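Can you build the whole structure from these sequences, using the hints too?
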Amino acid sequence: MWPALVTWLTTSAHWQGANGVPVRILEHLQYTGLSMLFALAIGLPVGALVGHTGRGGVLVVGVANGLRALPSLGLLTIVVLGLGLGLAPPIAALTVLAVPPLLAGTYAGIRAVDPAVVDAARGMGMREWEILLKVEVPNAMPLIFGGIRSATLQVVATATIAADVALGGLGRYVIDGLAQLDYAQMLAGALLVAVLAIVVDLVLVGVQRLVVSPGLAESGVSRRRATSRRTRNAAVSVTRGN
Amino acid sequence: MIAWLNDHWDLVFSLSGQHLYLALVPVVIGFVLAVPLGWLATRSGALRATIFYVFGFIYSIPSLALLVVLPVLLGTQILDPINLMAALTIYTVALLVRSVVDALSSVPWEVRTAATAMGFRPLRRFFSVELPMSIPVLVAGLRVAAVSSISLVSVGALLGVGGLGNLFNDGFHRNFIGEIVIGVVASLILALVTDAVLVLIGRLSTPWTRVG
Amino acid sequence: MIEFQAVTKQYPDGTIAVRELDLTIEAGKITVFVGPSGCGKTTSLRMINRMIDASSGHILIDGADIMRSDPPVLRRGIGYVIQHAGLFPHRTVLDNVATVPVLTGVGRRAARARAAELLEIVGLPAGLARRYPAQLSGGQQQRVGVARALAADPPVLLMDEPFSAVDPIVREGLQEELLRLQADLAKTIVFVTHDIDEAIKLGDKVAVMRTGGVLAQFDEPAALLGRPSDDFVASFVGRDRGYRALGFLAATGLTLGELSLVELGGTVADARKALVGGWAVAVDEQRHAIGWLSSARLDTVDGAATVTPDLLISGGSLYQVDSDVGTTAGSLRNALDAALSSPAALGIAVDATGAVIGSVTADDVVRALAKARTAGEVPT
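Chains as they are written, first to last, in the numbering used here: chain C, 1 to 242; chain D, 1001 to 1212; chain H, 2001 to 2380.
Where hints are given, some of them may not hold.
To be verified - If the Cβ cut is set under 10 Å, some of the chain C residues that face chain D in the computed set are: (1) Leu5; (2) Arg68; (3) Leu70; (4) Leu73; (5) Ile78; (6) Val156; (7) Ile161; (8) Ala163; (9) Ile175; (10) Gly177; (11) Gln180; (12) Tyr183; (13) Leu187.
Worth flagging that the hints you see were computed from the coordinates, not collected in a lab.
These figures come from a predicted structure and were not determined experimentally.
A virtual CB, placed ideally from N, CA and C, is assigned to each residue, including glycine.
So, in structure tokens, the structure goes:
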């Protein structure tokens, strides 16, 4: 099998044109970027607000857990059959799948901030929006990033499946290869998707290192407290729908 | 949709059974594998880092990609259900190793020390003290793993084995949305019921968490 | 000055946390709220900076009703220190301290310069400025908490059980540090604790509160120990209160006795001759006491031998005649403890430099107490 794969990957025709690897990668990144943009615009503010006020937390956790049970292939096919072909319906479906981990991560992150720290912030005279933006969000960053990474992986994976409902991206090779009984093409597509997912995740880890305050690096007492809290939130912070 | 359902109860039931089997056998196997791995990870920092790194890596591979690659690694046919179950087992282990580590670290240090001081050997202490005390956190992890696994099975439909996912494929190609909706609802019900059963098992096995 | 006028806090479920509290907190003094849990002491404190709003009554700071101020603006003018400090984990120590000045619009550079000064004032090495809170010990975190509260130079400081989460030795250091700071800064400090000893040590005035949010007694510490208003206060103030009350009586009426001093390096025979009543104090060149010499011990050695440190018996506490801020030094309690803890039943009295100047006995202290009573200095 490997020789056929190597042959596929080294065939220059597979790297050119509308069905070439670079184009498919760009398509894949475009779907991921667009869906994440929409999902971030929804998930971050809602999660932060619910986390700060504490109101609607049960609903957020419920929705996040409920949506995790939703089969993504089912959602994709329904959306495409209901709304028609084109870019918008699958992007909408990907957004729906990306929101829960973002929402859950942000919510859990904000809730996990030490209440004494929030109390001190308020006692020093910070206004509510200042408490949220200057204290809660920076301290929630590790868990927020956990949510962003989960959501991104989810979207990269589901975008692959979306090839089944006539979307482009690297999933095309898998779906087309299956239809043409061309296993080398399928395998090449699968490997490219896996590499893409891992690279994207690594990039996010790099960004996380830059964005998260070194004071939140896991060490000493604060780490033990943080871990026990994270454990309680485990049910909402890790997700994989795909 | 209702008419279709009335004609196809048998199909929906048998697909649901298949779906549950495909989803939950990997969860059980994955759990059995994750416990010793998680225990190993609590033994040393280097081991923990390695295990987390490897499984974090595997976990980030999209399911469809894993499904396509596994036959080459396992020497199976591309349409063999083993591929799907192997993939789900791998994801379950990846997810549960973290839960097991969290769960074991949630056992208070005093309790572990007291057990050691009373003369428990490490293995005995693990099974009669640490593992029971980790049940609440373990169950939380298992719930996530089971629900994810149930929703993931459908992806297998693209490669011929997907339980209720077959309804999505079939409905899509026949342009019949009702069939897909029924498949989605059935899948959601399976996830919900499994989740409820796990919660119940967790409660029944930890009577001490409900007193005082 | 902070005034509580018939302040009541009732929660929606009907619980009354604070009932009809009338209290005047003097400016520039430390006022301590103390009582068992559920007595409303923390609620009372938190009503001052509107972290909690009173259900009825008024709280005035320098005559102005706090309900007329915008809470965040009010809070920026009041320092706030809590248990575990509540430092921001994501900011460096320096930026934590600079928080309020930055909030009030001071430039970041100026705020940091001020923060660095404050770290020095609370006794933290400058090297800690760039660290994050997780890298500090509990005591250090609490000092940063105090520095952060002082950063905008607020006239009022609210401290909610600030030292209760650190171990006893560190706590004592922090308490003395606070008294030292207060001697310089003269802030209006409201301090909440459940520890009566801490209340008595720190408070210029102490408000003892009982469960249900009722003020039981509001008095100076000496008066609290000397004449508790009822059984609740008496039992809350606790045992040894007669002894602890001695800490508030200056030992000025005490006449020091003689003490035989011996320097190391002479012969044992000479040392034996110097003993008075079988005891002498060994001192160094600065006349600092380094231990006791007893006849029982010296008789076990040859008279021609030299007096060496291994012949010394360690002594008790020292009675420091000159009073010092934040300690019970110079009090009858200090004198009595020196006498009681000495192996010779003689307390060693020292001056401010630590040089031995005489002795004191328990009898001397009791006589001085009797004299103070007849002179009306003891609250009864």
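Do the hints match the structure? See the list:
1. With a cut of 10 Å, the hint placing C/Leu5 at the interface with chain D holds, because the nearest CB-to-CB distance is about 8 Å.
2. Hint on C/Arg68 holds. Least Cβ distance to chain D is approximately 6 Å, under the 10 Å limit.
3. With a least beta-carbon distance of about 6 Å to chain D, the hint placing C/Leu70 at the interface is held under the 10 Å criterion.
4. Because the beta carbon of C/Leu73 sits about 5 Å from the nearest beta carbon in chain D, less than 10 Å, this interface hint is met.
5. For C/Ile78, the interface hint holds, the least distance from its beta-carbon to any beta-carbon of chain D being 5 Å, beneath 10 Å.
6. Contact between C/Val156 and chain D, as hinted, is supported at the beta carbon level, the nearest pair being about 6 Å apart and thus within 10 Å.
7. Evaluation of the C/Ile161 hint against chain D yields a held restraint, the C-beta minimum of about 6 Å falling below 10 Å.
8. Annotation: C/Ala163 was flagged as interfacial toward chain D, and the flag holds, the nearest CB pair being 9 Å apart, inside 10 Å.
9. Of the supplied interface hints, the one on C/Ile175 holds, with its beta-carbon coming within about 7 Å of a beta-carbon of chain D, less than 10 Å.
10. A distance limit of 10 Å between C-beta atoms decides the matter here; for C/Gly177 the minimum to chain D is near 8 Å, and the interface restraint holds.
11. With a least beta-carbon distance of about 13 Å to chain D, the hint placing C/Gln180 at the interface is violated under the 10 Å criterion.
12. Because the smallest distance between the Cβ of C/Tyr183 and any Cβ of chain D comes to about 7 Å, under 10 Å, the interface hint for this residue holds.
13. With a cut of 10 Å, the hint placing C/Leu187 at the interface with chain D holds, because the nearest CB-to-CB distance is about 6 Å.
Hint violations for this structure: number 11 only, all remaining hints satisfied.
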